[in-house]
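Undergrad: Line by line, the protein sequences are chains W and F. For the first sequence, counting from 1, position 116 maps to 116 in the numbering used here; every step adds exactly one. For the second sequence, counting from 1, position 60 maps to 60 in the numbering used here; every step adds exactly one.
Read the hints as simulated data drawn from the structure, not as lab findings. Fair warning: this is a prediction, and the values are worked out from it, not measured in the lab. We put the beta carbon where it would ideally sit given N, CA and C, even for glycine. Honestly, I wouldn't trust all of these hints.
Stated by the list, open to error - List time: in silico DSS-like cross-link candidates among lysine-lysine, alpha-carbon distance up to 25 Å: (1) F/LYS34 x F/LYS117; (2) F/LYS117 x F/LYS37; (3) W/LYS126 x W/LYS25; (4) F/LYS32 x W/LYS94; (5) W/LYS94 x F/LYS25; (6) F/LYS34 x W/LYS94; (7) F/LYS25 x W/LYS98; (8) W/LYS94 x W/LYS126; (9) W/LYS45 x F/LYS25; (10) F/LYS25 x W/LYS126; (11) W/LYS111 x W/LYS98; (12) F/LYS34 x F/LYS109; (13) F/LYS109 x W/LYS45; (14) F/LYS25 x W/LYS111; (15) W/LYS98 x F/LYS16; (16) F/LYS37 x W/LYS94; (17) W/LYS98 x F/LYS37; (18) F/LYS34 x W/LYS115; (19) F/LYS109 x F/LYS32; (20) F/LYS34 x W/LYS126; (21) F/LYS34 x W/LYS112; (22) W/LYS160 x W/LYS22; (23) W/LYS45 x W/LYS25; (24) W/LYS98 x W/LYS112; (25) W/LYS94 x F/LYS109; (26) F/LYS117 x F/LYS32; (27) F/LYS37 x F/LYS109; (28) W/LYS45 x W/LYS22; (29) F/LYS32 x W/LYS115; (30) W/LYS94 x W/LYS111.
What the hints assert, rightly or not - So these bits of chain F aren't anywhere near chain W, every CB distance computed over 12 Å: (31) ARG27; (32) LYS32; (33) VAL40; (34) LYS117.
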Amino acid sequence: MGFMSSFRENLGAWIKKIFKKKRAKIGLYGPPNAGKTTLANRILKDWSGGDSMGTVSPIPHETRRAMRREGLVINANGSSIELDIVDTPGMATKIDFKEFMAFGLSEAESKKRAKEATEGVIEAIKWLDDLDGVLLVMDSTEDPYTQVNVTVIGNMEARKLPLLIVANKMDLPNASPSRISAAFPQHCIVPISALEGSNINDLYQAIATHFG
Amino acid sequence: MILMREVHMDLISEEKLENMTSMEKIRLILDKVKTGKIVVLESGLTPDEEVRLIEMTMTEIRVDEFSGIEIESYPSKKGGSFLNRIFGKGLKGRMTVIGPANQIHTIEKDEFQISTKVSVGD
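Isolated chain W, as found in the complex (with noise of 0.2 Å):
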């Protein structure tokens, strides 16, 4: 990157941040099965009136196509922010279309479905360019060390954008957020279960202070 448009792209950053602007297209970020969807259609549940994003499985890669929603408007502390949001393909480094076929898919069904998955992490990696700020969805169950967490939060701190971090499937007995604050301490972490719906007010208060 050159030199002017390095600095172009800081001082972009500053007015941003100087002028905070109360429309943002937010991204939400994650590995396959983090709840990205879930999260998505809740927020759609909550604020357009029972609308949803896409359809959500077990089966890893349900999501293969980005899906945007404009201006849902949030009102939280007593302030509201409008927001486009974009629900983006589970980030892989690796798809193998036998992953499928453990979930009782036709060889020629993952087959396809490798493919698609492919191309949705593409797409899931061109929308970092053209986003305000970052959702990063991540299963409270698992290991928050995993090598897409560290590069969405490694990308989102080059480029001074604003990140949250949604700690989701709260409602399952060995979710543990305590271990992903502890992975990314300098990153604000809220704790939801996007399934049933619980401390989904906090999420929404943190999104207007974040990214309004």
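Following the hints, complete the assembly by docking chain F onto the known chain W.
TA: Frame of chain W, contents of chain F only:
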């Protein structure tokens, strides 16, 4: 009789990486990993290079040939000169291990240690 199996590992120095462009680093890594080698980068990749490596990997995945990579690194460290930090170049890559997804598996990872297991095919 104990059958010895070999793992080819390339440890690439910070000096070599400093003299390469991002695309050259990504090409070097993928070419090695696709032939079954494990690559250890002394100074790692920048966050942007990591994401471009994942993107490039996705384009090269082929059924029954290459299913992707396993990559493990520590979170980036703030570093560099004052001017570099001012102009957003203050994130310093750290030691990174990359290998074929079907051969290298992370056992445990935390802030200070990465434990991986390497499987060797027949």
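Undergrad: If a hint holds in the structure, say so; if it doesn't, say that too.
TA: Right, here's what the structure says about each hint:
1. At roughly 18 Å between alpha-carbon atoms, F/LYS34 and F/LYS117 fall within 25 Å of each other, so this suggested pair holds.
2. For the given pair, F/LYS117 sits about 14 Å from F/LYS37 by alpha-carbon distance, which is consistent with the 25 Å threshold.
3. A distance of roughly 14 Å separates the Cα atoms of W/LYS126 and W/LYS25; the hinted pair therefore holds under the 25 Å criterion.
4. Among the hinted pairs, F/LYS32 with W/LYS94 is consistent with the structure: their alpha-carbon atoms are about 16 Å apart, no more than 25 Å.
5. Restraint check for W/LYS94 and F/LYS25: satisfied, since their Cα atoms lie roughly 19 Å apart, inside the 25 Å limit.
6. With a CA separation close to 13 Å, the supplied pair F/LYS34 and W/LYS94 stays within the 25 Å bound.
7. Only pairs whose Cα atoms come within 25 Å are accepted, and F/LYS25 paired with W/LYS98 is rejected, the gap being roughly 30 Å.
8. A threshold of 25 Å between alpha carbons decides the hint, and for W/LYS94 with W/LYS126 the separation of about 18 Å falls inside it, so the pair holds.
9. For the hint linking W/LYS45 to F/LYS25, the alpha-carbon distance of about 45 Å lies beyond 25 Å, and the restraint is violated.
10. This hinted pair checks out: F/LYS25 and W/LYS126 have alpha carbons roughly 20 Å apart, not beyond 25 Å.
11. Distance restraint check for W/LYS111 and W/LYS98: the Cα-Cα separation of roughly 8 Å lies within the 25 Å cut-off, and the hinted pair is therefore satisfied.
12. About 24 Å separates the Cα atoms of F/LYS34 and F/LYS109, which keeps this hinted pair within 25 Å; it holds.
13. Annotation: proposed proximity of F/LYS109 to W/LYS45 is violated, straight-line Cα distance about 37 Å (limit 25 Å).
14. Distance restraint check for F/LYS25 and W/LYS111: the Cα-Cα separation of roughly 29 Å exceeds the 25 Å cut-off, and the hinted pair is therefore not satisfied.
15. Restraint check for W/LYS98 and F/LYS16: not satisfied, since their Cα atoms lie roughly 37 Å apart, outside the 25 Å limit.
16. A C-alpha spacing of about 16 Å is found between F/LYS37 and W/LYS94, which places the hinted pair at or below 25 Å, so the restraint holds.
17. Between W/LYS98 and F/LYS37 the CA atoms are separated by roughly 23 Å; this keeps the pair inside 25 Å, and the hint holds.
18. At most 25 Å may separate the alpha-carbon atoms for a hinted pair to count; F/LYS34 and W/LYS115 meet this at roughly 18 Å.
19. With a C-alpha separation of about 24 Å, the suggested pairing of F/LYS109 with F/LYS32 holds against the 25 Å cut-off.
20. With a C-alpha separation of about 24 Å, the suggested pair F/LYS34 and W/LYS126 falls inside the 25 Å cut-off, and the hint holds.
21. This hinted pair checks out: F/LYS34 and W/LYS112 have alpha carbons roughly 22 Å apart, not beyond 25 Å.
22. About 18 Å separates the Cα atoms of W/LYS160 and W/LYS22, which keeps this hinted pair within 25 Å; it holds.
23. Taken as a hint, the W/LYS45 and W/LYS25 pair is honoured in the structure, with Cα atoms around 18 Å apart against an allowance of 25 Å.
24. Between W/LYS98 and W/LYS112, the direct Cα distance comes to roughly 11 Å. Compliance with the 25 Å bound is thereby established for this hinted pair.
25. Among the hinted pairs, W/LYS94 with F/LYS109 is consistent with the structure: their alpha-carbon atoms are about 18 Å apart, no more than 25 Å.
26. For a cut-off of 25 Å, the pair hint linking F/LYS117 to F/LYS32 stands: about 18 Å separates their Cα positions.
27. Distance check on the hinted pair: F/LYS37 and F/LYS109 sit about 21 Å apart at the alpha-carbon level, within 25 Å; holds.
28. Under the criterion of a C-alpha separation no larger than 25 Å, the hint pairing W/LYS45 with W/LYS22 is consistent with the structure, at around 21 Å.
29. Between the alpha carbons of F/LYS32 and W/LYS115 the distance comes to roughly 23 Å, so the proposed pair stays at or under 25 Å and holds.
30. Of the supplied pair hints, the one linking W/LYS94 and W/LYS111 holds, its CA atoms being roughly 14 Å apart against a limit of 25 Å.
31. Consistency note on F/ARG27: stated as away from chain W, and its beta-carbon is indeed over 12 Å from all of that chain's, at 17 Å minimum.
32. With a minimum CB-CB distance of about 15 Å to chain W, F/LYS32 clears the 12 Å threshold, and the non-interface call stands.
33. A cut-off of 12 Å between C-beta atoms confirms that F/VAL40 is not in contact with chain W; the least separation is 15 Å.
34. Every Cβ of chain W is farther than 12 Å from the Cβ of F/LYS117; the closest lies at roughly 15 Å, confirming the non-interface assignment.
Going through the hint list in order, the structure does not satisfy hints 7, 9, 13, 14 and 15.
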